[in-house]
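Build the full structure now, drawing on both the sequences and the hints.
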Amino acid sequence: MVTQFLASTFRVSTPLVFAAMGGLMSERAGVINIALEGLMLVGAFGAAIGTHATHSPWLGALCGMGAGLLLAAVYGLFAITLRANQIVAGTAINMLALGLTPFLCKLLYDATGATPSIPAGERFRSAPLWISWALVGCCWFWLGRTRGGLWLTFAGEHPAALDAAGVRVNRVRWAAVLASGALAGLGGASLSIFLASFFSRNMTAGRGFMALAALIFGKWRPIPAALACLLFGFTEAIQMRLQGVPLWGGKPIPVQFIQILPYLVTVVVLAGLVGRSRAPKALGTPFDRN
Amino acid sequence: MRRVLQPFLAVGLGLALGLLVTRLAGENPWRVLTILVKGAFGSRNDFGMTLFYTTPLIFTGLAVALAFHTGLFNIGAEGQLTMGALAAAMTGAVWPAMPAPLAPLLAGCAALAAGALWGAIPGWLRARRGSHEVINTIMLNFIAAGISSYVALYPLRNPDSQNPETRVIGSGYVLSPWAILGGAPLGLALPLAVGAAGLVWFFLWRTTLGFELRAVGQNEAAARAAGIDPGRVRILALSLAGALAGLVGVAEVLGNAGRFRVGFSPEYGFIGIAVALLGRNHPAGVVAAALLFGALHKGAADLDLETEHVTREIALLLQALVILSVCADGLWNWVFARKTSPR
Numbered sequence: 001m002v003t004q005f006l007a008s009t010f011r012v013s014t015p016l017v018f019a020a021m022g023g024l025m026s027e028r029a030g031v032i033n034i035a036l037e038g039l040m041l042v043g044a045f046g047a048a049i050g051t052h053a054t055h056s057p058w059l060g061a062l063c064g065m066g067a068g069l070l071l072a073a074v075y076g077l078f079a080i081t082l083r084a085n086q087i088v089a090g091t092a093i094n095m096l097a098l099g100l101t102p103f104l105c106k107l108l109y110d111a112t113g114a115t116p117s118i119p120a121g122e123r124f125r126s127a128p129l130w131i132s133w134a135l136v137g138c139c140w141f142w143l144g145r146t147r148g149g150l151w152l153t154f155a156g157e158h159p160a161a162l163d164a165a166g167v168r169v170n171r172v173r174w175a176a177v178l179a180s181g182a183l184a185g186l187g188g189a190s191l192s193i194f195l196a197s198f199f200s201r202n203m204t205a206g207r208g209f210m211a212l213a214a215l216i217f218g219k220w221r222p223i224p225a226a227l228a229c230l231l232f233g234f235t236e237a238i239q240m241r242l243q244g245v246p247l248w249g250g251k252p253i254p255v256q257f258i259q260i261l262p263y264l265v266t267v268v269v270l271a272g273l274v275g276r277s278r279a280p281k282a283l284g285t286p287f288d289r290n
Numbered sequence: 001m002r003r004v005l006q007p008f009l010a011v012g013l014g015l016a017l018g019l020l021v022t023r024l025a026g027e028n029p030w031r032v033l034t035i036l037v038k039g040a041f042g043s044r045n046d047f048g049m050t051l052f053y054t055t056p057l058i059f060t061g062l063a064v065a066l067a068f069h070t071g072l073f074n075i076g077a078e079g080q081l082t083m084g085a086l087a088a089a090m091t092g093a094v095w096p097a098m099p100a101p102l103a104p105l106l107a108g109c110a111a112l113a114a115g116a117l118w119g120a121i122p123g124w125l126r127a128r129r130g131s132h133e134v135i136n137t138i139m140l141n142f143i144a145a146g147i148s149s150y151v152a153l154y155p156l157r158n159p160d161s162q163n164p165e166t167r168v169i170g171s172g173y174v175l176s177p178w179a180i181l182g183g184a185p186l187g188l189a190l191p192l193a194v195g196a197a198g199l200v201w202f203f204l205w206r207t208t209l210g211f212e213l214r215a216v217g218q219n220e221a222a223a224r225a226a227g228i229d230p231g232r233v234r235i236l237a238l239s240l241a242g243a244l245a246g247l248v249g250v251a252e253v254l255g256n257a258g259r260f261r262v263g264f265s266p267e268y269g270f271i272g273i274a275v276a277l278l279g280r281n282h283p284a285g286v287v288a289a290a291l292l293f294g295a296l297h298k299g300a301a302d303l304d305l306e307t308e309h310v311t312r313e314i315a316l317l318l319q320a321l322v323i324l325s326v327c328a329d330g331l332w333n334w335v336f337a338r339k340t341s342p343r
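Chains as they are written, first to last, in the numbering used here: chain R, 1 to 290; chain U, 1 to 343.
Hints may be right or wrong, so weigh each one.
Stated by the list, open to error - Computed, partial: chain U to chain R, Cβ under 7 angstroms:
1) G71
2) F73
3) N136
4) M139
5) F142
6) L277
7) A301
8) L305
9) H309
10) I323
Note that these hints are calculated values from the structure, not bench results.
Where a beta carbon is used, it is the ideal one built from N, C-alpha and C, also for glycine.
Right, here's the structure in full:
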């Protein structure tokens, strides 16, 4: 039973890990990514229709990444090029995703609720789980040990210095936001074609925000952020396990209390009870060469 | 001139982009626009419903704008209004026998207090623990959603309904809708919202405390040098913002549903961000922007019924596109620089 529980913890953490790594890319480069939620949502949608059309989860996941990439391009256009307020633009992107997905769903399948179910043989069994943790290792290595990773960090910490070194800050940020969209899209894909078998309206249900919280909880570092995702996945797994189990004077524990646990943990942690979390210095500040 | 022109241009651009999307779906954009406008303003009842949706958006728009003047981003209006509505509904369900003049007052105060508390928490966390209000307010939105659905499903569940909602409030609490604009549930809440906008204006620009709020928002170091405690001001600002959002509970619970319904808000809190932005954080602008977004919401509901491909989610899409085009500072700098540079 313990191994089963552990397995389910890892499984439900997968979308969070992908999205948190996506958020890491963008935020370490200095672009706040409230839009993770929306990027995941279109990723989940893209993956569901892609898999439905091609009968291959791999191609479906690619579609999910593409959808995330596309929406991230819209976000980048506003947040980087047009220097919109990143929090406002991110909120708008989330609303856009929430409105666009049922709209397209209706257009494609004439059903606003959900996309058609994908048979078990055409879904992922465990591949996204392994890929997500390999990705964490890659992010760790890439951010800390390569030139590209250093550029990314400088774009977020000291963009003027990066500019002086002859690197276009906004190009680095664009690349980071696009990568963030692709990864968050993959996170959404692992929701719709790995954990579930269809896309449904607002199926991310706050997981993008949770990934963002995990990122901040993990102090904007890949491995701690991934572990935070695991912690949040753990609470989700408990919640699935305890649903309807009589514990509390013979009554089942209300699911709602377990549901709010990750959010409560985040608030407590951010309040500095488990060490301070420091954001990249230039996070949220548009870069202007002049 | 730019101050006046830019919001109109931005709204126009956002709507045009939205109509383009409906064109891609095979609808005639002109027809979509006609239905949208008719749906929002076509009849007395339609206009009444537009004003009904406008009311909560004034409250949440003010909640975002007030915080913004203090340099704070209040993404938490959604949670604050949830707690406000829940508190109003709980008061009405727990003491149903309360007589009329006292009852709505009590429930109103409960809504104010619950909203204020939900704003004070991120205010305190920012002021005293240094954790950022954006992430904390988002987290508190989810916590509010969890608490409220627990209350609506277990202790105060409405036994007569299949939906997750609380028991019906006592009759003394009900603010009966006025039958002036068809059957729209318009009542005391609308003048209350407009009055709140006036109060916020007076508070921000005519009182010392309001001045302190704006001082902290504009230049914290200078405010500190002038003897203002920025932490105290931030807690106050987010508490007041939360109280304003909490008043949505009066409009929804006392003036409309008579109970707390899980998921009653179609993202009023998030649309409030757009309302504040479009209204340039000025109370009068907030009222005007709330009317626009209320009209979009009402009009989009009709699109759902009258077109084949367009669903009511188009409201979110249109609102999102309007927000994006409003906040694209770089675009408007470019547009207006070209216009004024030859001078």
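Hint numbers not upheld by this structure, sorted from lowest to highest
When the structure is compared with the hints, numbers 1, 7 and 8 turn out to be violated.
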